[in-house]
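Please model the entire structure based on the sequences and the hints provided.
So the chains spell out like this:
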Amino acid sequence: MKKRIFIGLIMISLLTGLLFTLVVGAVLPISAQRRVIDSLQQEAAFIRARTPEEGISTDFFNRLITDSRVTWIAADGHVHYDQPADAQAMENHADRPEFIQALSQGRGTAVRYSSTLGQDMMYYALRLEDGSVLRLAAPVQVTHLLFSDMLPWLGVCLAVCLIGALVIARLLTGDLSRAIARINLDTPEEVDTFEELSPLLTRISQQNKHGREQLDALAQKQQEMDKLIDSMSEGFMVLDARRRILTINRSAAAMLEVDPHDALGKTLPEISRKPEILQLLQQMDSTGEASVTMPWDLKIYALNASVVEGSEGAVLLLGDVTERIEGENMRKRFTANVSHELRTPLTTICGYSEMLQSGMVKPGDEKEFYARISSESKRLLALVEDILRLSQMDEGYPGGLYKRVSLWDTAREALSSLQPMADKKDVRLNLLGEKLSIMGDPTLLSELMFNLVDNAIKYNRIGGHVDVSIRQGREGFDLVVQDNGIGIERGQQDKIFERFYRTDKSRSKETGGTGLGLSIVKHSAEYHRATLTVDSEPGLGTTIIVTFPRSQPAETTDKSDKKKKSADKKSADAPKKGKKDKSGQ
Amino acid sequence: MRSHFDEQLHKLNEEMIRMGSMIEHAIEQAGILMASRDAEHARTVIAADVEVDRKEREIETLCLRLILMQQPVARDLRLVSSALKMITDMERIGDQAADIAEIISMPVKGQRYVYPELLQQMGPAAGTMVNRAVDAFVKRDVDLAHEVIESDDVVDALFNDVKKELLQTMKKHSEFGMQLLDALMIAKYLERIGDHACNIAEWVEYAVTGTYKGDKL
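Chains A and B supply the protein sequences, listed in that same order.
Position in the first sequence (first residue = 1) + 677 = the working numbering.
Position in the second sequence (first residue = 1) + 357 = the working numbering.
Any given hint could turn out to be false.
[Unchecked claim] Result set (DSS-like, lysine-lysine): computed pairs, CA atoms no more than 27 Å apart in a straight line: (1) B/K442 with B/K529; (2) B/K545 with A/K943; (3) A/K943 with B/K368; (4) A/K943 with B/K466; (5) A/K1080 with A/K1055; (6) B/K466 with B/K573; (7) B/K529 with B/K466; (8) A/K1080 with A/K1101; (9) B/K496 with B/K368.
Worth flagging that the hints you see were computed from the coordinates, not collected in a lab.
Shown next as structure tokens:
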């Protein structure tokens, strides 16, 4: 910039100088000529005025003292006198333009090279009264002299201009660069500066605003994305080409037990050397996709990794599959248990009936054999019924009915139907508390009640008691079944709701039952969103509390006679419910 | 050229971690075996040692190629040379874990001798040392390496206690004779594993600081 300003200034100075010189060069000779002519004219007028009365003669001229060349020419062009040249030697001057002009107009001027004197001369001719012509001449040289006198000064002026231009250029650019340096790019409008800069500043501030808006939008998007990824329950990771972690969400960090900020930029093996993870990476690098399940502490995680198409990076998803795997295991166990439980009574029935068939039974003992077959068949039947019931519940209970059910009445019915069994063991049954009712499914509730009391009687001692109380608890409506029976060991208390679990395996035959009763209770409680609490002391008794929530679902208006018609609709709703219940386990 | 070198160093690091993971797994399994005495499981642990040996050769080749073709200097050279030393120790740890598994896989005549609680403790103790030594390498953590070196005394003390206890048992129950000797072997192997973990930790310190056992190399 400085250079350009400097060059500009120099150019202007030079141009000015040149123009000035040209003008002076053009104007000066003209004015000098005019001045010379003026002086010649005055001189001529003076000479004419001094012309003596008797007429002009050569003597008169000889007495004249003048710098100019003086020529006296007769009307026919003959030169009478010339100073400083010799008139005798001179040719006829009739053809000289100034002479011709003077003859016709009284005066004449001309500029011409004089062959006589050998230089450029300016001539002024004046016609005298007698018709002769007086001519004065002076050299033109004087104008050139004037011009060449000025040249050194012109050079000085140019030099001054050069220096001035340099200084001004430096000052101007200095100001400019200082002004630009003063501009704050974030708030360009706030600086008071040259107005020439203001379009730029406005542009900058517009750009700033635009840029900020875009950045904000981008940041917000990023934030949303981060939040989304962070709030995922699955673990999520993005790896770069070298398998370093670019992104890791909170869940993934928690699963791998690392600090998410620490993990960034590290490779996966650096944060976890689990063989499964190394295997996953190796598999992914060779095939582009991989998945493994990895046990970690008490949990089981499923890891899925895939290379992102079109780039070298990879995405990793971690999911907690503990429940699924355990569910699978439980189903496997259940199938094995069911087979075993079904087999036992069937073996007895088979064996006894074969003995009867082959006549190996002593006459008179048949009755006992028939009784055993009958009781084992009943056991088998009860078992199959319970299994059916449970699988029905697993599928989602199709009954799906909510009705107002009196807990009190349900309990009373259960107690009265179990009274004979209690009498056999000499167990007292008591019903206490308030006559509360809840919204629920009557069948499921009576099964829950029946199984709880049934267990309380079975695992009681002779002369014991079972108290069923219904009351308003702190959290909701409590159904408490309390006995003073044999109790349950602490370590087993959370297992009693598992299918086919028995606290004492050797006694299962003796007490009867299918081992599914409390599983049914659990299902029923879940269906009613009730919680189960077990409090038991071995040898002292067991208290099981079922707490129904105070906020009750609305009553379904289905009448029992419409049940069949709307069964389809209900079963469509029910699986949803069933699944929800399961996930809450 | 440089980026290729970086690539290879990165690969070396990754492979070291892989090998570390293998031996960690092996010693962990050996610990489980001491309680379960599952011969079938023991055979899989013995078989897995082949992988550790293969990995050692792989890393060895990688290190030598790095030294010959890239001529690493200073820190990089320290890393490569200490890796060469470390894999020897790692391979020994793998071998010893396999040896423990081999003892366990042997059929027992007569009554089975249950390994004493102290010996059972040695497994996790040595395992932790290995674990932390590998951790120290991964994180280039000199402090952690020092902790590993110090914790060797714990394993050594455990070994002495186990030895005494086995001697006592030998006096009372001569019928366990062979099994007691085996138990002593296991204890010795575990004690050696602790030593190897120590060596690894020392080489980690060298790789990071250039100091080996207190001497500036």
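_For a quick check of understanding: which of the numbered hints are violated here, in increasing order?_
1, 2, 4, 5, 6 and 8
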